[in-house]
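K.L.:
Below are the chains, spelled out letter by letter.
2 protein chains.
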Amino acid sequence: MSEPANPTAAILIIGNEILSGRTQDINVKFIAGRLAAIGHRLEEVRVVPDVPERIIRAVNELRAAYDNLFTTGGIGPTHDDITSECIAAAFGVPWEKHQPTWEAMETHLGPENFNAARQRMATLPRGAVPIPTSMTIAPGFSIGNVHVMAGVPRIMQSMFTALEPALGRGAPISMRAVHGIGVKEGSIAAGLGEIQARFAMLDLGSYPFYRDSGSGVAIVAKGTDDAALDAAIAEAESLIAGQGIVPIRGEPGAA
Amino acid sequence: MSEPANPTAAILIIGNEILSGRTQDINVKFIAGRLAAIGHRLEEVRVVPDVPERIIRAVNELRAAYDNLFTTGGIGPTHDDITSECIAAAFGVPWEKHQPTWEAMETHLGPENFNAARQRMATLPRGAVPIPTSMTIAPGFSIGNVHVMAGVPRIMQSMFTALEPALGRGAPISMRAVHGIGVKEGSIAAGLGEIQARFAMLDLGSYPFYRDSGSGVAIVAKGTDDAALDAAIAEAESLIAGQGIVPIRGEPGAA
Numbered sequence: 001m002s003e004p005a006n007p008t009a010a011i012l013i014i015g016n017e018i019l020s021g022r023t024q025d026i027n028v029k030f031i032a033g034r035l036a037a038i039g040h041r042l043e044e045v046r047v048v049p050d051v052p053e054r055i056i057r058a059v060n061e062l063r064a065a066y067d068n069l070f071t072t073g074g075i076g077p078t079h080d081d082i083t084s085e086c087i088a089a090a091f092g093v094p095w096e097k098h099q100p101t102w103e104a105m106e107t108h109l110g111p112e113n114f115n116a117a118r119q120r121m122a123t124l125p126r127g128a129v130p131i132p133t134s135m136t137i138a139p140g141f142s143i144g145n146v147h148v149m150a151g152v153p154r155i156m157q158s159m160f161t162a163l164e165p166a167l168g169r170g171a172p173i174s175m176r177a178v179h180g181i182g183v184k185e186g187s188i189a190a191g192l193g194e195i196q197a198r199f200a201m202l203d204l205g206s207y208p209f210y211r212d213s214g215s216g217v218a219i220v221a222k223g224t225d226d227a228a229l230d231a232a233i234a235e236a237e238s239l240i241a242g243q244g245i246v247p248i249r250g251e252p253g254a255a
Numbered sequence: 001m002s003e004p005a006n007p008t009a010a011i012l013i014i015g016n017e018i019l020s021g022r023t024q025d026i027n028v029k030f031i032a033g034r035l036a037a038i039g040h041r042l043e044e045v046r047v048v049p050d051v052p053e054r055i056i057r058a059v060n061e062l063r064a065a066y067d068n069l070f071t072t073g074g075i076g077p078t079h080d081d082i083t084s085e086c087i088a089a090a091f092g093v094p095w096e097k098h099q100p101t102w103e104a105m106e107t108h109l110g111p112e113n114f115n116a117a118r119q120r121m122a123t124l125p126r127g128a129v130p131i132p133t134s135m136t137i138a139p140g141f142s143i144g145n146v147h148v149m150a151g152v153p154r155i156m157q158s159m160f161t162a163l164e165p166a167l168g169r170g171a172p173i174s175m176r177a178v179h180g181i182g183v184k185e186g187s188i189a190a191g192l193g194e195i196q197a198r199f200a201m202l203d204l205g206s207y208p209f210y211r212d213s214g215s216g217v218a219i220v221a222k223g224t225d226d227a228a229l230d231a232a233i234a235e236a237e238s239l240i241a242g243q244g245i246v247p248i249r250g251e252p253g254a255a
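So the protein sequences, as listed, match chains A and B. Residue numbers 1 to 255, in full-length UniProt numbering, belong to the letters of the first sequence in order. Residue numbers 1 to 255, in full-length UniProt numbering, belong to the letters of the second sequence in order.
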């Protein structure tokens, strides 16, 4: 089901705090949703610890495998913020003072506050293009097909928003859903498999849900062919109705 | 900072619904926290789509690289549930009727409801050991160092809980934290780097937080040496106090 009209993407999360269970990641869902909305296809996510060789290897594997790689985390001023120098190492380029960023940070913070730790944030891989945001004076950056963003969600979100116009748009990926309260996956699996087989250009998913208001199954169809989506969801609706259950358009809990 | 006394682990999330932005994953944080509590060290997370060759490759890379691999997702009865046969392929073993599971499901569901889709859930890689739970009649399973669990969080959690005693315990990994409202990372980075250098056996992280009740930085120390943790956090406390800010033990927002 590859769609050549949809650029591919990966996310690399650099952060011990995710691996230790301290922090609930919410960046993947944000980036995934925004990529889908511009017709990019997120194909892989990895989370690695703050260890240089692990970061460098993951960056090089993922940037080679996908059209774009988005990283989050590790671009602050502290000892555990090593993403920027690791990106330089991954690309085999010097990690050096980025003059415009350096000057902007020095002016903004005042020379007396622009200490060695903060100067690291104005040090970028050679060839990097800053991703400026209104939220922080220290930028994210792009180098080649790798886009390096903060880990703090609201800063990451402002960086992604700044970056988004440069990514270009793929063929729009639409989504349709239908669900039924009381549907059992095992009872509709065969019929659903037949629908998937008839609409091979689509991606049909089956997702059980468990709510106080009622449990059941949501069927979600994704793809770039709107007519096929409509037809496939109509068949899914019939499949649910065939169980003696009223099909409800949309995701459970959604309007 | 590798700790040979702590078994390593990876998580593989199999699910288009995470990559499309439809679903917020909460399984990583649960598994990560529980692993930390039993002294296992989560080293990597990957999310891949429901594509056989992608699943097989990730399983084989991760099971070779870490002591344990936990997978979530893709073990239901529908066409997009392909984890079990992919695990068989990854191990190069037949995917075959698992007699006790087959009989239990047939008895529980009744032969008339035990259709081909549900029979797939009683079909396991040869050598797999079921992970039974009270929540579903269809089990997860372990094969070698790979532990295959459901994607639905409450079912996954019951499977992990059932599995946990068999994992064994590593040296307990403790965590200490201190935070300060108004602390700026760039102002304490040098001092924090010195503390990390003095306590190389620990893993010190610096995490900015942004709350309506006040923004600042949390310093988190992790490791297996409780005396070193106490000493390092005391130094971090002094570092914050040196900024003219009152250090507060624990994470922000925690008691």
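Accuracy of the hints is not assured; some may be wrong.
Listed below are the simulated EDC-like cross-link pairs for lysine to aspartate or glutamate, each with C-alpha atoms no more than 20 Å apart in a straight line [stated by the list, open to error]: (1) B/Lys184 <-> A/Glu194; (2) A/Lys184 <-> A/Glu235; (3) A/Lys29 <-> A/Glu235; (4) B/Lys97 <-> B/Glu85; (5) A/Lys97 <-> A/Glu85; (6) A/Lys184 <-> A/Glu194; (7) A/Lys97 <-> A/Glu112; (8) B/Lys29 <-> B/Asp226; (9) B/Lys184 <-> B/Glu112; (10) B/Lys184 <-> A/Glu112; (11) A/Lys184 <-> B/Glu235; (12) A/Lys184 <-> B/Glu112.
Just so you know, these hints were derived from the structure itself, not from any lab.
K.L.:
Hints first: check each against the structure and report whether it holds.
P.N.:
Consistency of the hints with the structure:
For the hint pairing B/Lys184 with A/Glu194, the CA-to-CA distance comes to about 58 Å; that exceeds 20 Å, so the pair is violated. A C-alpha spacing of about 17 Å is found between A/Lys184 and A/Glu235, which places the hinted pair at or below 20 Å, so the restraint holds. Distance restraint check for A/Lys29 and A/Glu235: the Cα-Cα separation of roughly 29 Å exceeds the 20 Å cut-off, and the hinted pair is therefore not satisfied. About 12 Å separates the Cα atoms of B/Lys97 and B/Glu85, which keeps this hinted pair within 20 Å; it holds.
Distance hint between A/Lys97 and A/Glu85 is fulfilled; the C-alpha atoms sit about 12 Å from each other, no more than 20 Å. Using a Cα cut-off of 20 Å, the hinted pair A/Lys184 and A/Glu194 holds, with the two alpha carbons roughly 17 Å apart. Our distance criterion of 20 Å between C-alpha atoms is met by A/Lys97 and A/Glu112, whose separation comes to about 18 Å. With a CA separation close to 24 Å, the supplied pair B/Lys29 and B/Asp226 exceeds the 20 Å bound.
Annotation: proposed proximity of B/Lys184 to B/Glu112 is violated, straight-line Cα distance about 65 Å (limit 20 Å). For the suggested pair B/Lys184 and A/Glu112, the alpha carbons sit about 14 Å apart, so the restraint of at most 20 Å is met. Of the supplied pair hints, the one linking A/Lys184 and B/Glu235 is violated, its CA atoms being roughly 57 Å apart against a limit of 20 Å. As the CA atoms of A/Lys184 and B/Glu112 are separated by approximately 14 Å, the hinted pair is consistent with the 20 Å bound.
Checked against the numbered hints given earlier, the structure breaks hints 1, 3, 8, 9, 11 and satisfies all the rest.
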